[in-house]
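A.B. asks: Sequence:
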Amino acid sequence: MNYSMTAENRGGSFIDPVDALNAPEIQELGELAVTKFRERSILYDPECKMPEANIQDLFERGWLTATISKKWGGKGSNLDTDDPASYLQAIRMTARGCGSTAHCLQANIHNNWILDVLGTDDQHERYIKPQMEKPVMVTGIGSEPNRRHMYIMTTKAKPLDDGGYIVNGVKNYATNAPMIIVAIAFASVEGIEHWADNHLMTLIEPGQEGVEIDHDWYRPMGMRSAVSSLVTLTNAHVPKENILGVPGIYPRQRWQGKYHLGFAANYLGVAEGVYQWFRDYIVKKGKAKDPIVLLRAGEMKIQLQNAESTFHDAIRSWKTKSVVESELLSMAAKFTTARAALDVCEKVTMASGSTALFDEFPLGRAIANVQTHIQHAGHDRTAQIIGQSELGEEFDSTMQR
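Just so we're aligned: the sequence shown equals residues 49 to 449 in the numbering used here.
Treat the hints with caution; some may be incorrect.
Okay, derived cross-link-like pairs now, BS3-like style, lysine-lysine, Cα gap no bigger than 27 Å in a straight line [stated by the list, open to error]:
#1 177 - 97
#2 119 - 177
#3 395 - 333
#4 206 - 288
#5 177 - 288
#6 337 - 349
#7 337 - 84
#8 204 - 288
#9 119 - 349
Derived CB-CB ranges, DEER-like [to be verified]:
#10 97 - 441: 41 to 47 Å
#11 109 - 328: 22 to 28 Å
#12 332 - 256: 33 to 39 Å
#13 289 - 406: 49 to 55 Å
#14 441 - 100: 44 to 50 Å
#15 300 - 75: 35 to 41 Å
#16 340 - 300: 51 to 57 Å
#17 177 - 76: 24 to 30 Å
#18 289 - 242: 37 to 43 Å
#19 70 - 258: 46 to 52 Å
#20 441 - 328: 44 to 50 Å
#21 328 - 178: 39 to 45 Å
#22 340 - 373: 39 to 45 Å
#23 121 - 100: 18 to 24 Å
Calculated from the structure, these hints are not laboratory results. Note that the Cβ used here is the ideal one computed from N, Cα and C, for glycine as well.
Hey, can you work out the whole structure from these sequences and the hints?
C.D. replies: Right, here's the structure in full:
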């Protein structure tokens with residue numbers, strides 16, 4: 049249904065997440081994910097290779113550019129439009145078959161969203177338009193080996209008289225790096241003290257002078273085909289035309305808070321994919337009448353329904369509540385779906401037995417993916433921030449860490 053807006057609502061009528069979920073293109077993506085994406089993950093994961101065939105399928109269906117405005121050929125789905133749900137349901141459906149591919153999608157469409165909104169016409173021509181023609185990708189690199197605060201960067205940008213910068217630092221977890229057309233690399237502007245004023249987004253191109261990308265660095269337990277490379281910037285010259293927005297705009301416009309639900313979509317999708325696989329597996333094993341198995345199945349179904357409800361309510365809140373309320377609800381959804389994913393993986397393992405963990409089945413990869421991916425979204429910190437908001441303490445609901 050289309051929700052009608054009250055005086056509190058911020059965005060007019062919008063596509064409800066349930067309607068987005070039931071759309072034929074989302075359902076088709078879900079079927080593709082649990083067949084082709086899941087099958088291919090057996091090949092990609094051991095060697096930490098980008099899931100290129102999956103990326104191609106997502107490109108052909110327009111999902112890689114889902115958050116980009118329709119003006120540029122995207123689907124125009126993001127929390128700021130009348131379709132706040134489709135891009136999130138696409139991440140969710142993809143994760144049912146392959147959590148790594150879902151994160152590649154998640155990172156790409158999050159960064160495309162900000163590139164579309166804050167980019168200049170010239171940047172759109174150089175970095176968005178080519179994405180409509182072939183499956184090249186975008187990454188955002190905030191993470192650093194020694195970072196202690198989400199917005200305080202050890203990577204430094206020295207201002208030049210012509211409006212450009214010289215950038216030095218080491219960035220890690222550059223998801224999609226082997227396939228990127230550009231990276232949005234965060235840095236701190238030298239000579240400006242507070243992160244709300246010095247946080248800078250630079251557009252770094254692969255192959256430019258002073259940029260070294262190490263794909264072999266990435267060898268995690270899980271999320272192995274969501275290749276997230278190490279990037280070293282050594283006196284990298286970033287001209288004025290490759291600066292995204294202005295210093296401080298990323299934290300001041302609260303962009304990080306818009307990304308909580310992308311993680312929630314991934315966690316929920318992985319959990320649902322494991323549970324759906326478990327139902328078929330356990331029936332084929334002839335264990336469906338076992339009282340303990342029945343109990344576990346019921347527990348998992350209830351938890352997944354609760355997680356889905358929290359997820360959908362958080363999406364709706366971006367059209368019906370204040371920004372901070374929406375951020376907090378999104379954080380709650382992120383925490384709830386992560387907990388559901390952890391619990392479902394554990395219960396499926398206990399109910400299914402050790403053979404279910406063989407490489408030919410998706411369970412082992414899902415467990416590794418969930419355990420790895422949750423580390424990037426500040427699971428404990430999420431609950432702590434919600435606690436701060438409840439007990440009258442100062443908090444920042446854009447934070448992941």
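A.B. asks: Hints first: check each against the structure and report whether it holds.
C.D. replies: Cross-check of the supplied hints:
1. Between residue 177 and residue 97, the direct Cα distance comes to roughly 26 Å. Compliance with the 27 Å bound is thereby established for this hinted pair.
2. Distance check on the hinted pair: residue 119 and residue 177 sit about 11 Å apart at the alpha-carbon level, within 27 Å; holds.
3. With a C-alpha separation of about 16 Å, the suggested pair residue 395 and residue 333 falls inside the 27 Å cut-off, and the hint holds.
4. As the CA atoms of residue 206 and residue 288 are separated by approximately 12 Å, the hinted pair is consistent with the 27 Å bound.
5. Between residue 177 and residue 288 the alpha-carbon distance is near 20 Å, which keeps this suggested pair within the 27 Å criterion.
6. Of the pairs offered as hints, the one joining residue 337 and residue 349 holds, with about 16 Å between alpha carbons and a cut-off of 27 Å not exceeded.
7. Restraint check for residue 337 and residue 84: not satisfied, since their Cα atoms lie roughly 31 Å apart, outside the 27 Å limit.
8. The straight-line distance between the Cα atoms of residue 204 and residue 288 is roughly 16 Å, inside the 27 Å bound, and the hint therefore holds.
9. Straight-line distance between C-alpha atoms of residue 119 and residue 349 comes to about 41 Å, which puts the hinted pair past the 27 Å bound.
10. Range check, residue 97 to residue 441: Cβ separation about 45 Å, and the 41 to 47 Å hint holds.
11. The supplied range of 22 to 28 Å is met by residue 109 and residue 328, whose beta-carbon atoms lie about 25 Å from each other.
12. Checked against the given bound of 33 to 39 Å, the beta carbons of residue 332 and residue 256, roughly 53 Å apart, lie outside it.
13. Evaluation of the 49 to 55 Å hint for residue 289 and residue 406 yields a pass: the beta carbon distance comes to about 52 Å.
14. At about 46 Å, the beta-carbon gap between residue 441 and residue 100 stays in the expected band of 44 to 50 Å.
15. For residue 300 and residue 75, the hinted distance range of 35 to 41 Å is satisfied, since their beta carbons lie about 39 Å from each other.
16. Residue 340 and residue 300 have their C-beta atoms about 53 Å apart, which keeps the hinted 51 to 57 Å range intact.
17. The supplied range of 24 to 30 Å is met by residue 177 and residue 76, whose beta-carbon atoms lie about 26 Å from each other.
18. At roughly 26 Å, the beta-carbon separation of residue 289 and residue 242 lies outside the given 37 to 43 Å, and the hint is violated.
19. Take residue 70 and residue 258: their Cβ atoms lie about 49 Å apart, and the range 46 to 52 Å holds.
20. In this structure, residue 441 and residue 328 meet the distance hint of 44 to 50 Å, their C-beta atoms being roughly 47 Å apart.
21. For the pair residue 328 and residue 178, the beta carbons lie near 41 Å from each other, so the given range of 39 to 45 Å is met.
22. The hinted window of 39 to 45 Å between residue 340 and residue 373 holds, with their beta carbons roughly 41 Å apart.
23. Checked against the given bound of 18 to 24 Å, the beta carbons of residue 121 and residue 100, roughly 22 Å apart, stay inside it.
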